[in-house]
Each structure stands twice: as C-alpha cells, then as structure tokens.
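Asks: Here the protein sequences line up with chains A and B, keeping their order.
Every letter in the first sequence is one number past the one before it in our numbering, and letter 23, counting from 1, is 23.
Every letter in the second sequence is one number past the one before it in our numbering, and letter 131, counting from 1, is 131.
No lab work stands behind these hints, which were simulated from the structure alone.
These numbers come from a predicted model, not from an experiment.
Positions of the beta carbon are idealized from the N, C-alpha and C atoms, including for glycine.
Accuracy of the hints is not assured; some may be wrong.
Stated by the list, open to error - No farther apart than 20 Å at their CA atoms in a straight line, the calculated lysine to any residue pairs in the SDA-like style are these:
#1 A:25 to B:75
#2 B:75 to A:17
#3 A:106 to B:13
#4 A:10 to B:78
#5 B:124 to A:150
#6 B:127 to A:61
#7 B:75 to A:23
#8 A:10 to B:81
#9 B:118 to A:51
#10 B:127 to A:56
#11 A:106 to A:196
What the hints assert, rightly or not - Derived coverage of chain A by chain B (criterion: at least 3 residues anywhere in the stretch with Cβ under 8 Å from a Cβ of chain B; other residues may be distant):
#12 24-34
#13 44-57
#14 212-225
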Amino acid sequence: MSTTTATPTKLWSGGKSPFNVEYGKLMMWYFLMSDAFTFGAFLISYGTIRFSSNGWPDPNEVFKSFPFAPEGVNAPLVFVSIMTFILIISSVTMVLAVHAGHNMDKKGVIKYMIWTIIGGAAFLGCQAWEWTHLYHEGAWWGSNPFLNHDGTASSTNFTNYFFTITGFHGFHVFSGVIINIIMLIMAMNNSFEKRGHYLMIEKAGLYWHFVDLVWVFVFTCFYLI
Amino acid sequence: MEHTHAEHQSGGGTKEIWKVTIILSVLTIVELVLGFLMIGIPLEREGLRLLIKGVIVILMMAKAFYIVAYFMHLKHEIRNLIMTIVVPLALFIWFIIAFLYDGNSFKNLRNTYDPHFKEQSTIKVEKKEHKPEGGKH
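One chain only, chain B, in its complex shape (with noise of 0.2 Å):
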C-alpha cells in the first residue's frame, strides 16, 4: 500500500491546478459571452442560433474533459483504469443521437397528423401577469 501511495504523487502539482482553473474559468466566459450574443439574435435565425448553441455544447465537452482530466486526477491514472471510465460512457454517443433524432421525429409525425398539436403552436396567447404574491396555495 505505501508504494502506491507514493505513486499517485505523479503528475499535478498546484502549477497544474492553476493553470486548469484559469482554462476553466475562460471556456466559462467565452460560454457567457455567447450565451449574451444569443439574447440579441432574432429566433428566425435559426442557423446562427443553432450554431452557436453547437459551439457552447463544444466548450461545454472542453470543460467536462478539463475537469475529468486534471481535477479528478483520470489523465494521470493508468491506462487500464481510463479504459474502464471512458468506453462506457461512450454509450452516451449512440444515446443522445437516438434520443434526440426520436423527439425530433416525434414533433415531425405531431406536426402532420395531429392538427390540434400543430395549431396549439401557432396561436400567440397574452403574458399572463405576474402577481408578486403568486404561486399556488
């Protein structure tokens, strides 16, 4: 047990730690200032949107790894044990494109065979007032 304590030494180093906290924080505030770009843009601009929202995910999956890599110590693991964390999750790939293609393809099939769900998105309805006191009771 005392060797493999004295193993885990390897790698990191607060110059490690620093240097990841300051990555972290600049994909943050590039994710903000986008996320402020996107208040701006109309929803007709459905491409620019969605284009930005891709790079967000992006700089979303830069911070996942940051995290994974350096604070909870992965990269500095042994081969055998990165396999065992990453290739499982590699499930997630298959899961968010098949769940999401089916919602999609769900909206699709609503959208022409059910006219009510169609015409209940259409139909532009008043802001209801908030009462300072609201909620339900």
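Here chain A stands alone, though its shape is the one from the complex (with noise of 0.2 Å):
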C-alpha cells in the first residue's frame, strides 16, 4: 500500500487508478451492488407482507424434516443449518482458492477451487431435495398447506415467498457454480499462468461469497426468525 499514501486529491488528479483496483474487478462490485439491491427489494418486500399479516407459519413447522428420515420426523432447524455449514465451508475454500492464486500456486487453485465446486453442488442437491419434500406435502407458488402459527388459516404469502426468494438464490448458487467450473478448467488450461496473474480467481471469488452472503439473510429471515 506504500503507493496509495497521496492525499485524496492526488489520488483523483489522474495517471492512477483511484480505486487501485482493475477495471473487471472494480465492476464486479459494481454488479454485485446492484445484485444486492434486487435481493434486498425481495426480503424487504417478504418483510412488509409478514408485517401486515395477523399470522404466519412457524418455521420450526414448516422446515422439519430430514433426508432419509422416516415420516413424521421432528428435526427443525437441522437440515438447514447442514445447508449454512456447507455454504459456508465452501466459501472458504474459495478464499483459499484466492490465496493459492496470489501466491501463482496452480495446484492449490485447483485443488481448493474443486472442493467449492463440490460444495455448490452439494448445497444445490439439499435445496432441491427441500423443494421436493416440500412439494410433496402441497406447497408451491399458490399453494400453502401450512397452518399459521397460532392455528389460524394461512395464506399463500409464505410458500410465494419461499419460493421465489430460496429460488432466485439458488440460481445465484447455481450460475456461481457453472462459473467456478468455468475458472477451473481455465486453471487446468493454464490460461492464467499465462497471464501472469489469477485475477479472474478473484472475481469469481467475489461473486461466490456473495451468494454465501445473500444466504446469511435468506437463512436468518426465512429459517430462524
């Protein structure tokens, strides 16, 4: 950091990059921005309906059951926290990921950027067997089988909701899955070494923990409170 020392205004008179960022990486924040404001209209909008209803469903209700387990199982908040864990275990590695590619070390991009491709695909796997279940027991846009916690009639606020918001972030987890794909077989081609640098790493690292981030709301909104 011993270049950026200028005062503010010799940082914007030119010849530097004020940001002291690349351009790719300076407009993925940029995205991601914007990407923030289309999630948080989502839970915010989830936020004023719960405040406008009387009732709403309980989730320990809702969100009990487990793979494999038999029916009637009640294991509330279980198969969602393994879900957290594993987003957020991969998020690590993908920092990890980074690191290596500071250091110009293509083994362990490779190696780190491998397990957070499989931790993606794992978190994929449990959100569709959650949607599956949950289909299965008559939930869906329009539908919502689920009592308000009180025991009154519930609408169908909760299942759209639901829904469209675990929905869009699972696309999230899913397009950040194809890219890693994207930035592995890259590594494997030795297009950065080429390079000289692992930037793309960084950028598909941002991205990735932003939908690590964007999960710590839908998990703590949708799940817990």
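Fit chain to chain and form the complex, with the hints in mind.
Replies: Laid out in structure tokens, this is it:
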C-alpha cells in the first residue's frame, strides 16, 4: 500500500487508478451492489407482507424434515443448518483458492476450486431435496398447506415468497457453480499462468462470497425468525 | 498493472482466513442455539421472542460484515472503494424502516376497519391431513 499514501486530491488528479483495483474487479463490485439491491427488494417486500399479516407459519413446523428420516420426524433447523455450513465451508475453500492464486500456486487453485464446486453442488442438491419434499407436502407457488403459528388459516404469501427468494438465490448458486467450473477449466488449461495472474479467480470469488452472503440473510429471514 | 497486483497481497493470509472461518461458525452456532431456544417459547411471550429475533438479526449483520470485510477483502481495499460500495447500501436503513413500518400500519388499519380480515385471524382451523402423495397435479 506504499504507493497509495498520497492525499485524496492527488489520488483523483489522474495518472493512477483511484480505486487501486483493476477494471473487472471494480465492475464486479458494482454488479454485486446492484444484485444486493435486487435481493434487498425481495427480502424487504417479504418483510412488509409479513408485518402486514396477523399470523405467519412457524418455520420450525414447516422445515422439520430430514432426508431418509422416517415420515413425521421432528428435526427443525437441522437440515438447514447443514446447508448453511456447506455454503460457509465452500466460501472458505474459495478464499483459499484466491489465496493460492496470489501465490501463483496452480495446484492449490485447482484443489480448492474443486472443493468449492463440490460444496456448491452439495448445497444445490440439498435445496433440490427440500423443494421436492415441500412440493409433495402440497407447498408450491399459490398453494400453502401450512397453518399459521397460532393455528389460524395462512395465506399463500408464505410459500410464494419462500419459493421465489430461495429460488432466486438457488439460481445464483447454480450460476456461481457454472462460473467456478469455467474458472477451474481455465486454471487447468494454464490460462492464468499465461496471463501471469489469477485475478479472474478473485472476481469469481467475489461472486461466490456474495452468494454466501445472501444466504446468511435468506437463512435468517426464512428459517430462524 | 504489475505493481497493483503486488499491492493486493497486503492483508489476508491463511491465518486470517481460519480466524474468520471460526468466527462465522461460532456466530452460526449461536444463531442456531437461539433458534432452538425459540421453539420452546410460547407465542404469548411476544416480547421475549422479539428480543431473541433481534439478537439473531444482530448476529446476522455481524456475519455479513465478516464475509464482506475479510472474505471479499473489502477491508483491505482503499477507502475510496469501501465508501463507493458501503454508502449506497445505507439506503437499506431507510428502506427497511419505511417498508416494515408501512406493512405494520397496513395491518393495523385493516384490523381496525376490515372486520372480515380481523375475524379471519381469530378462527382456528383444523390441520389439513398430509397426503403422502399430495401436491397439486
């Protein structure tokens, strides 16, 4: 950071990058900011509707099942906590891949990218199971088999928001996995070695962490509170 | 381009990555413990439930900070970039307060002036049977 100690006026007087990042990374940040507003709009709209309702289903009642467990098992929060940890760990392996990229360690990048992709795929698998399970219980867009926490009839707002927001997030995870696979192939083909830097991994990493970040909010808003 | 690349090495390191991993895991576990705790608290104790929900939201913000600051490296970027990203997001403070207040106000208005809406939220219904092959076709 020795070259950036100049005063702010000098930073903007031309001749150097005022943000000290390359173009692609800056644009990735801008894209993520716009995406944050999209997700924010979804979640705030969910909050508005929830605040305008007299009752809401209990997440511990809705999300209490677990794969391969017998019918009627009561395991609230267990499955979703596994999903959360899968995504956190895949975020960690992504940072490790970026870190390996800084050190021009091709083998490390490949290893950690593979782990990240596995984590993403595992998360998508979990979500696919959960959606299928809820669908078989009768939950879908426009159909809500669950009652409110206080035993009164619930509207379809709950399922509509759940499937729309987790679906939109799941689509982000899916595209993140595709991007990570492309990065893995490029790393294996020595594309980054030839360029002399692994900055592309960093940009893919930003997107992947953002997906993890959104899940932090989705997980809290739908499953915990 | 070469020298900017070298500068990005500052900050981070595997030690920091593992530290943040542990922090995120601990925060998640605390969140889950609070979530489990809430199962046992009846709906009538609204104040306590709201308090726990508030704590969970604060923990959520802490997790978001650690992911953005350390995993996305924003803390190690220069101030110009940090402000460019963070300042527009401050709009969310207003969005959240305004829209949740609006939703709550809509609920109160309907409870006051719409007897049907009010009545619907007091009638308890029988739990529908879970058909194993249910769903809609």
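Asks: Run the structure past the numbered hints and jot down the numbers of the failing ones, going up.
Replies: Result: no hint breaks.
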